[in-house]
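Peer 1: The residues making up each chain are set out below.
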Amino acid sequence: MAKKKMQILVCGGTGCSNLQGESIVDNLKLEVEANALENDVQVVRTGCFGLCSLGPIVKIMPGEVIYTKVQPGDAREIVEEHIVKGRKVERLLYKDPVSLKISSSHAEMTSHIKQLRIVLRNCGIIDPENIEEAIASDAYEALTKVLTEMKPEDAIKIIKDSGLRGRGGGGFSTGLKWEIARKNKSDEKYVVCNADEGDPGAFMDRSVLEGDPHAVLEAMAICGYCIEAAKGLIYIRAEYPLAVARLKTAIAQAKEYGLLCNNIMGTGFNFDIEIRYGAGAFVCGEETALIHSMEGLRGEPTVKPPFPAEAGFRGKPTNVNNVETFACVSPIILKGSDWFNNIGTEKSKGTKVFALAGKINNVGLIEVPMGTTLREVIYEIGGGIRNGKKFKAAQTGGPSGGCLTEKHLDTPIDFDNLIAAGSMMGSGGLIVMDEDDCMVSVAKFFLEFTVEESCGKCSPCRIGNKRLHELLEQITKGKGSMADLDRLKNMSLVIKDTSLCGLGQSSPNPVLSTLENFREEYVAHVTDRKCPAGKCRDLMEYFIIAENCVGCTACARVCPVNAITGERKEPHLINPSICIKCGACKEKCKFDAIIIR
Amino acid sequence: MEMETVKLTIDNKVIEVPGGTTIHKAARQLGIEIPTLCWMELHDLNIENKPAGCRICVVEVEKRRNLAPSCATKCEESMVVKTHSTRVLNARRTVMEFILSDHPKDCLVCAKSGTCELQNMAHKLGIRDIPGSEFAAMSTYKKDTSPSIIRDLDKCIMCRRCEMMCNVVQTVGALSAVNRGFMAAVAPSFEQNLEHSTCTYCGQCVAVCPTGALTEVDHTPDILRALADPTKTVIVQTAPAVRAALGEEFGMEPGTLVTGKLVSALRVLGFDYVFDTDFAADLTIMEEGTELLDRLNRHLNGDKTARLPILTSCCPGWVNFFEEYFPDLKDVPSTSKSPQQMFGAIAKTYFADLINVNRKDLVVVSIMPCLAKKYECQREEFSVNGNRDVDFSISTRELAAFIKQANIDLKTLEDSDFDTPLGESTGAGVIFGATGGVIEAACRTAYELHTGKKLERLDFTELRGLEGVRSATIDFDGLPLNIGIANGLGNARKLLDDVRSGKSTFHAIEVMACPGGCIGGGGQPLHHGNSEIIKARAAAIYNEDRMKPLRKSHENPFIIKLYEEFLGKPNSEKAHHLLHTHYFAKKKKVIIKQ
Chain A
1 MAKKKMQILV CGGTGCSNLQ GESIVDNLKL EVEANALEND VQVVRTGCFG LCSLGPIVKI
61 MPGEVIYTKV QPGDAREIVE EHIVKGRKVE RLLYKDPVSL KISSSHAEMT SHIKQLRIVL
121 RNCGIIDPEN IEEAIASDAY EALTKVLTEM KPEDAIKIIK DSGLRGRGGG GFSTGLKWEI
181 ARKNKSDEKY VVCNADEGDP GAFMDRSVLE GDPHAVLEAM AICGYCIEAA KGLIYIRAEY
241 PLAVARLKTA IAQAKEYGLL CNNIMGTGFN FDIEIRYGAG AFVCGEETAL IHSMEGLRGE
301 PTVKPPFPAE AGFRGKPTNV NNVETFACVS PIILKGSDWF NNIGTEKSKG TKVFALAGKI
361 NNVGLIEVPM GTTLREVIYE IGGGIRNGKK FKAAQTGGPS GGCLTEKHLD TPIDFDNLIA
421 AGSMMGSGGL IVMDEDDCMV SVAKFFLEFT VEESCGKCSP CRIGNKRLHE LLEQITKGKG
481 SMADLDRLKN MSLVIKDTSL CGLGQSSPNP VLSTLENFRE EYVAHVTDRK CPAGKCRDLM
541 EYFIIAENCV GCTACARVCP VNAITGERKE PHLINPSICI KCGACKEKCK FDAIIIR
Chain B
1 MEMETVKLTI DNKVIEVPGG TTIHKAARQL GIEIPTLCWM ELHDLNIENK PAGCRICVVE
61 VEKRRNLAPS CATKCEESMV VKTHSTRVLN ARRTVMEFIL SDHPKDCLVC AKSGTCELQN
121 MAHKLGIRDI PGSEFAAMST YKKDTSPSII RDLDKCIMCR RCEMMCNVVQ TVGALSAVNR
181 GFMAAVAPSF EQNLEHSTCT YCGQCVAVCP TGALTEVDHT PDILRALADP TKTVIVQTAP
241 AVRAALGEEF GMEPGTLVTG KLVSALRVLG FDYVFDTDFA ADLTIMEEGT ELLDRLNRHL
301 NGDKTARLPI LTSCCPGWVN FFEEYFPDLK DVPSTSKSPQ QMFGAIAKTY FADLINVNRK
361 DLVVVSIMPC LAKKYECQRE EFSVNGNRDV DFSISTRELA AFIKQANIDL KTLEDSDFDT
421 PLGESTGAGV IFGATGGVIE AACRTAYELH TGKKLERLDF TELRGLEGVR SATIDFDGLP
481 LNIGIANGLG NARKLLDDVR SGKSTFHAIE VMACPGGCIG GGGQPLHHGN SEIIKARAAA
541 IYNEDRMKPL RKSHENPFII KLYEEFLGKP NSEKAHHLLH THYFAKKKKV IIKQ
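In order, the protein sequence lines correspond to chains A and B. Heads up, the first sequence is in our numbering, so the first residue is 1 and it goes up one at a time. Heads up, the second sequence is in our numbering, so the first residue is 1 and it goes up one at a time.
Hints are computed from structural coordinates only; laboratory data are not their basis.
Label pairs and their computed distance ranges (CB to CB): (1) B:142 x A:479: 26 to 36 Å; (2) A:479 x B:585: 56 to 66 Å; (3) A:280 x B:327: 29 to 39 Å; (4) A:479 x B:584: 54 to 64 Å; (5) B:558 x A:296: 51 to 61 Å; (6) A:267 x B:586: 54 to 64 Å.
Just so we're clear, the structure is a prediction, and the values are computed from it rather than from any experiment. All C-beta atoms in this analysis are idealised placements derived from N, C-alpha and C, irrespective of residue type, glycine included.
Assemble the whole structure, with the sequences as input and the hints as a guide.
Peer 2: Written as structure tokens, this is what we have:
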């Protein structure tokens, strides 16, 4: 496909689209036409660039110039200045939050330098709704190679040798999984793509599906060839309408081009893909629960074994991989196992996509080689902590992961190091917390999610997590005791030890890791009845510093419960047993006499 | 491919078991009973509940990261298992504390007190305290009372046994897990009341519920009131399966027949007449057998309107089932009422006249192994001007509690005989209590009526057993009669699907809703997953049959007299009016909670 001289790439991910991304595309097109440039300039709606907090993003090629927080009204200036006159629109360029340096190209951005894009190779580059652009970026070349030059065993060997491990959280060897599914003989087999991304704040899989759906379709077909399956199913949450729409378009186009369905590329290999919708239950990311949900049953897990590779969808051998895992497959086939094997650490190969969230400057999506340190991720790629605050902890592995602390900043991030640090890789959520965060509340917050999302099948997860949450609630109210900390730990360990599926086996992780790394905060809550971060409302006390108080009575007048007493021009006093901690007095005081202690 | 046998170590003892055996079962062979709440097996009936949800049965398996549920983990070669390490004991206790923390503490007044598996487990594990209960929230639900069954989901521990029974065994589909997380429980869809679901009231959910979440509606107080009312004549009928199980409630061996003691106990309780549903069972055979022969003869003579196979209609759970799922086949089953209702109809006409009591002042009580009978006696078509033919139906369990309340020691009671005329029965009536019994009883009578010859061999052993679906061909003196038998509604569905599609080659099919027939009914003493108990009850039923001087319904002198004095002939107009019924296509309205 002939490319035009210049491309204006506009992020078409969910985030940027919701911020009028569509109008930006329309306006840019109008401006291009108004300047009669349509033969030379192409406006493309791409997938996600990963710079989500800076969106909507527009990128001009060649030159890789990134414009941030673009509004539809900026279209004229971008076209007239940049395209026509070759002058960059300075005010829309990216400014590094730490160095305050303005970057005029994507490659220059510190957030970009340490990244390596394998999974996201085409996101933000191609138009995901145009299969020709995908093909021009090597899509389906790996499938062609596998179908025409390789035996299934050879392709499995490449995947196995590459060291690719499942990106959904388990970290099981993908090649080995395929091999087992291949060995289980059956008249029917299934390839399932797990796109039930459920971690709050995580959107790695969504971005891949929105930005490069063919990467997943191709890999599923390769997997189908390897394990002798003719049917692929993508289990995706119905809350991802854009990803669903792009997948549907991609499937239809791939069929039209003879790259899916019957007799693919004339090789006699048949492989069809269908979409199945999930109703947004976190537990359906667990593969047996996912399969039950696809079968129309209640989405709850069953005991493994039997593993899906033995008895999965409709009781047939089924290979389940997550979106990101599939997205790694084609490059490995094309570039070889050694290439992939050389990226990453000893036991974790390749790259990992993380969704950066929390108190970090560059909230968004990044892809880094395994073994990148937390420090690099947070301070270089992530642009550091927001408002210059101090780093306190980073939660990896989603709500059932654990938190890493300052002492882990220089630990290379990979599957095994994270587990050793009491956390896990999970699907790749990374939430950063700063000095203002109370770690007891953080643990309680994550647990609230797992309590809500437990399917309720097994007792420890159904009831135990609820009890853990209640105990944390007591502690944050100042009603806990030192004995409760031991109970908290015992309950957590038992829930992990006895739960049926990965959800319950990991849900107490936030409690255990905060208890391990921030025990002094827990102790402060239960012995001093204080929240060191000042976050726990019940442990706060409003107090008037007598020296600062001039006795203006403003605070007493604004107090809704009459908790403040004192004579005019005399220092006032707050009665803590009446005070409801609404903060109105503190806000009213002009003399900084009221503090929280 | 599973290895033929595997050798493993459990608690330092080596054992070799067939591949595929679970740790729980292997341990059992070593005499180690690993406690469990959700797992349940009725081995001889091929029923197993194995969700691995309660996590009480967890054990430590060397080289495994987490504890393994022994009920769902298969033994592997060289496995080393510890069932009571400190890690296991701590986990088991903690999980039990979790379960108890979300369970009401009203054991004193709970219907399951004393037979509650959760209560027993708390005792076994020595739980003395539930930490954190002062601020622990409880999952609470509204209580639901249907004509037969009470659901108190506050007591549900999500063992899923009821769900398995309802969906897998019975294919009724009334119960499934609803909600998620802490509020998860088993309920009808949309959390409707049971009455608005597809429930057949077979009571198999109640029979397996380990706690008080599912119990029967207790009608004992109604009976007490009637007994206390001097203006009422209160009579009682007892179903065949009751006598084979009641003794269990008083510590007797399963399979102990307590017929005579049962009669004495009912008399001591104050019933004016103690009668036998077996009498009505004999009557049922007269009506149903005649109907069978009539349809068969018409069919053999080429009458296309004579629908075969004929289906038995004694079982109210089964009637509810085909009304719900096979309304298009509602003219296939026999129109004969169930023995309970035939008894009621005769009692409130023939017998009321005999003792000169107005039907309004005659209270008919039935003792049934069944919960659907409670619903059956409340059906509108079984009452006259609002006065029910059978006023109250209580289960074997309720009767046992009633007897205990009255300080009666069943074990030491003298035997006594039923009253006449409605207490006299043949062996054919007794075997109604076991799967296959109704059709065997029918064969004994139909053979002699059809062939005019004396039946030499009374024991149709080919019709007996506990397999879910059975079939046999009985030689009616040259006419091969194809008999089908199903126990359990899921099995009945299989035979009904064939009838619907025209593939069925049976002339007659007996269906009992409960696995094992009435002896395994939803109102029987709890079997707690021991199918030996059900086998023993069946043996007892056939024993009583063997001991009876008369074993064919049409030889019952009081039946003969009833026809002579009152009904005329079987299937006569009067018989039709009193002893036959019709069925309704059920259209349940889904009521979605606002």
